[in-house]
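Trainee: Could you build the full structure based on these sequences and the hints that come with them?
Here the protein sequences come in this chain order: S and C. For what it's worth, the working numbering labels the leading residue of the first sequence as 1, then goes sequentially. For what it's worth, the working numbering labels the leading residue of the second sequence as 1, then goes sequentially.
Note that these hints are calculated values from the structure, not bench results. Mixed in with the good hints, there may be bad ones.
Unchecked claim - Each pair of labels, with its calculated beta carbon distance range:
{"#": "1", "chain 1": "C", "residue 1": "Gly96", "chain 2": "S", "residue 2": "Gly46", "range": "31 to 39 angstroms"}
{"#": "2", "chain 1": "S", "residue 1": "Arg184", "chain 2": "C", "residue 2": "Thr55", "range": "52 to 60 angstroms"}
{"#": "3", "chain 1": "C", "residue 1": "Pro3", "chain 2": "S", "residue 2": "Pro93", "range": "45 to 53 angstroms"}
{"#": "4", "chain 1": "S", "residue 1": "Ala183", "chain 2": "C", "residue 2": "Pro188", "range": "33 to 41 angstroms"}
{"#": "5", "chain 1": "C", "residue 1": "Met340", "chain 2": "S", "residue 2": "Pro47", "range": "20 to 28 angstroms"}
{"#": "6", "chain 1": "C", "residue 1": "Asp138", "chain 2": "S", "residue 2": "Pro47", "range": "36 to 44 angstroms"}
{"#": "7", "chain 1": "C", "residue 1": "Arg304", "chain 2": "S", "residue 2": "Asp175", "range": "28 to 36 angstroms"}
Claimed, not checked - In silico negatives: residues of chain C with every beta carbon more than 10 angstroms from chain S:
{"#": "8", "residue": "Pro213"}
{"#": "9", "residue": "His231"}
{"#": "10", "residue": "Lys251"}
{"#": "11", "residue": "Phe318"}
To be verified - A few chain C residues that face chain S, going by a derived Cβ cut-off under 7 angstroms, partial list only:
{"#": "12", "residue": "Pro120"}
{"#": "13", "residue": "Lys184"}
{"#": "14", "residue": "Pro188"}
{"#": "15", "residue": "Tyr294"}
{"#": "16", "residue": "Thr295"}
Idealized CB from N, CA, C, for every residue including glycine.
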Amino acid sequence: MSKQINKKEIIITGFGGQGIVLAGKIIGMAAALGDKKESTLVQSYGPESRGGACCAQVIISDNTIQYPYVNMADVLACMSQSAYEKYKGQVKPDGFLLTDKDLVTPDGDMEFFAIPSTRMAEELGRKMIANIIMIGFATSVTGLISENAAKEAVLSSVPKGTEKLNMNAFQKGYDYGLSKLKARRKKATANTGASQ
Amino acid sequence: MKPQVLTGDHFINGDEACAEGAIAAGCKFFGGYPITPATEVAEQMSIRLPHVGGTYIQMEDEIAAMTSILGAAWTGVKTMTATSGPGFSLMMETMGLAIVTETPCVVVNVQRAGPSTGLPTQGSQGDMMQAKWGSHGDYEIIAIAPSSPQEMFDLTIIAFNLSEKYRTPVLIMSDEIVGHMSEKVVIPDAKAIKTVSRPKPSGKKAGFKPYRPGPNGVCPMPSIGEGYNVHVTGLTHDERGYPVMSVDTQKEMMHRLLNKIRNNLDDIIMTEDYYLDDAEYVIVSYGVSARTSYTAVDMARSMRIKAGLLRLITVWPFPENIIRNLAKRVKGFVTVEINMGQISREVERCAGSVPAFGVGHPGGAIIPPEDVINMLKEAF
Numbered sequence: 001m002s003k004q005i006n007k008k009e010i011i012i013t014g015f016g017g018q019g020i021v022l023a024g025k026i027i028g029m030a031a032a033l034g035d036k037k038e039s040t041l042v043q044s045y046g047p048e049s050r051g052g053a054c055c056a057q058v059i060i061s062d063n064t065i066q067y068p069y070v071n072m073a074d075v076l077a078c079m080s081q082s083a084y085e086k087y088k089g090q091v092k093p094d095g096f097l098l099t100d101k102d103l104v105t106p107d108g109d110m111e112f113f114a115i116p117s118t119r120m121a122e123e124l125g126r127k128m129i130a131n132i133i134m135i136g137f138a139t140s141v142t143g144l145i146s147e148n149a150a151k152e153a154v155l156s157s158v159p160k161g162t163e164k165l166n167m168n169a170f171q172k173g174y175d176y177g178l179s180k181l182k183a184r185r186k187k188a189t190a191n192t193g194a195s196q
Numbered sequence: 001m002k003p004q005v006l007t008g009d010h011f012i013n014g015d016e017a018c019a020e021g022a023i024a025a026g027c028k029f030f031g032g033y034p035i036t037p038a039t040e041v042a043e044q045m046s047i048r049l050p051h052v053g054g055t056y057i058q059m060e061d062e063i064a065a066m067t068s069i070l071g072a073a074w075t076g077v078k079t080m081t082a083t084s085g086p087g088f089s090l091m092m093e094t095m096g097l098a099i100v101t102e103t104p105c106v107v108v109n110v111q112r113a114g115p116s117t118g119l120p121t122q123g124s125q126g127d128m129m130q131a132k133w134g135s136h137g138d139y140e141i142i143a144i145a146p147s148s149p150q151e152m153f154d155l156t157i158i159a160f161n162l163s164e165k166y167r168t169p170v171l172i173m174s175d176e177i178v179g180h181m182s183e184k185v186v187i188p189d190a191k192a193i194k195t196v197s198r199p200k201p202s203g204k205k206a207g208f209k210p211y212r213p214g215p216n217g218v219c220p221m222p223s224i225g226e227g228y229n230v231h232v233t234g235l236t237h238d239e240r241g242y243p244v245m246s247v248d249t250q251k252e253m254m255h256r257l258l259n260k261i262r263n264n265l266d267d268i269i270m271t272e273d274y275y276l277d278d279a280e281y282v283i284v285s286y287g288v289s290a291r292t293s294y295t296a297v298d299m300a301r302s303m304r305i306k307a308g309l310l311r312l313i314t315v316w317p318f319p320e321n322i323i324r325n326l327a328k329r330v331k332g333f334v335t336v337e338i339n340m341g342q343i344s345r346e347v348e349r350c351a352g353s354v355p356a357f358g359v360g361h362p363g364g365a366i367i368p369p370e371d372v373i374n375m376l377k378e379a380f
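Mentor: Set out below in structure tokens:
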């Protein structure tokens, strides 16, 4: 097969109604329009309008993407326990597992990054924006897409009049991610016994 | 108000790109009846048509949606509808009316798995034979299969152009995966988009015969109200458009209807090659399954299997001669499609004594490239 050095595969999954597909669309859009890469988004959902299992799969690459589905993800973001159970086997060992802290309890020994995105969204006044918080979190933790590209994609994807709220949500998630990374680096340094 | 052509880079899904392609091609009427996974086409058309002086009507069902686009086309405008399996079945009778009355229109089928209600939110390519033979009687049809949102835009414009040029319905046989897949879609400058309009009559109005063909077998089409004689009927008709119940009239009408397609295959048929020059094994595919097939060719080549891809952009009329010519020099064919054997039978028919197999799927998911590799290994 052709070289796939610069190819990242992402699965975002949860319940229908959580904005899973929109989250995938924003990440794909940020990569394609902001970061000028190739990207593709496919989705799967059930015939129910909300509450069913929902999954968005995004591939970001420097080369043309033909087969658009993800086999093993570099990033798996789970917004529900059942979604986690279904997809936990589809993340690379050195990949990122991201979860909604209150909705998902991982059972494996894989390291993961958790954010209470739904609770934070409720605190901001709109449960609906948990997906945007998760995008902010994913952006800072994984570096998949650039911060500016992500923000532009959020702005062009959300309804008029909600831009400020959504930017705030993105920033909360982004900053939470940065603090998590910092804490993890500190821990790693402590574990290796390296001097500060 | 947004312009007719949204020049620029967009990250949109195939359904939305199809609607933008239609608007860019000059479509001014959409008769819709929403159905998953084609709803976004109707939705986008309902948002966009008022910006360009067009009309969107949500009809009471797919039969009415299909019929409405024929009526609108006879007022002189470019028309479209979009549906999926169950709605496509309902449109079939009127499809025949569109063919025999030579009414230009574009019908989009974003295929989902059937039969019947099937898997509404999951993809399939199970309506490919229905596209060819779904209406009663004998006819030729043009059907094209986009593989990406970009092609949903580009090929929708081509669908309108072919439909206008040959005065025939053109089918866009998409599928749920391509329809709901989002990718970058580049919309060019309006000036760079080539659009075609139906041949129009000129000269004397008295004694005008609406079904007297021009040089390429296509009749100039008057619009209702222009003053030219117009008679539109599903009955077998003569050059005046009047019903004539005779074998000779049937023969003349049928030959012309079939030959305006059959005599212009080079203009209508579009295909794409990938590693075909030295290929020993030809993968034939279309639509979303072509994307599997590109990856399968890459995998095969890395295993030193000389595979190549013939991608059918036009599925109907079927590119028989291309398959027949390939059959003279290759060792085998594998057709990849999300059904249990439809276009693969056409390939088999044209392959002659060369072995031809199908990699099929009952619907609901894309075919993984590994299945194609396994078939290549097992069969050859």
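Trainee: Hint by hint, note whether the structure agrees.
Mentor: The hints, checked one at a time:
1. C/Gly96 with S/Gly46: 31 to 39 angstroms: Holds, since glycine 96 of chain C and glycine 46 of chain S (Cβ atoms, about 35 angstroms apart) stay within the stated range.
2. S/Arg184 with C/Thr55: 52 to 60 angstroms: The hinted range 52 to 60 angstroms holds for arginine 184 of chain S and threonine 55 of chain C, with Cβ atoms some 58 angstroms apart.
3. C/Pro3 with S/Pro93: 45 to 53 angstroms: holds, 50 angstroms
4. S/Ala183 with C/Pro188: 33 to 41 angstroms: violated, 49 angstroms
5. C/Met340 with S/Pro47: 20 to 28 angstroms: 23 angstroms Cβ-Cβ, so the 20 to 28 angstroms window holds.
6. C/Asp138 with S/Pro47: 36 to 44 angstroms: Distance hint for aspartate 138 of chain C, proline 47 of chain S holds at roughly 37 angstroms.
7. C/Arg304 with S/Asp175: 28 to 36 angstroms: Roughly 52 angstroms apart at Cβ, these two residues miss the hinted range, so it is violated.
8. Pro213: holds, 43 angstroms
9. His231: The assertion about histidine 231 of chain C holds, with a minimum of 45 angstroms to chain S.
10. Lys251: holds, 47 angstroms
11. Phe318: holds, 24 angstroms
12. Pro120: Hint on proline 120 of chain C: holds, closest Cβ of chain S at ~5 angstroms, below 7 angstroms.
13. Lys184: holds, 4 angstroms
14. Pro188: Since the shortest Cβ distance to chain S is 16 angstroms, the answer is violated.
15. Tyr294: At about 4 angstroms, which falls below the 7 angstroms cut-off, the nearest Cβ of chain S leaves the hint on tyrosine 294 of chain C intact, so it holds.
16. Thr295: holds, 4 angstroms
Checked against the numbered hints listed earlier, the structure breaks hints 4, 7 and 14; every other hint is satisfied.
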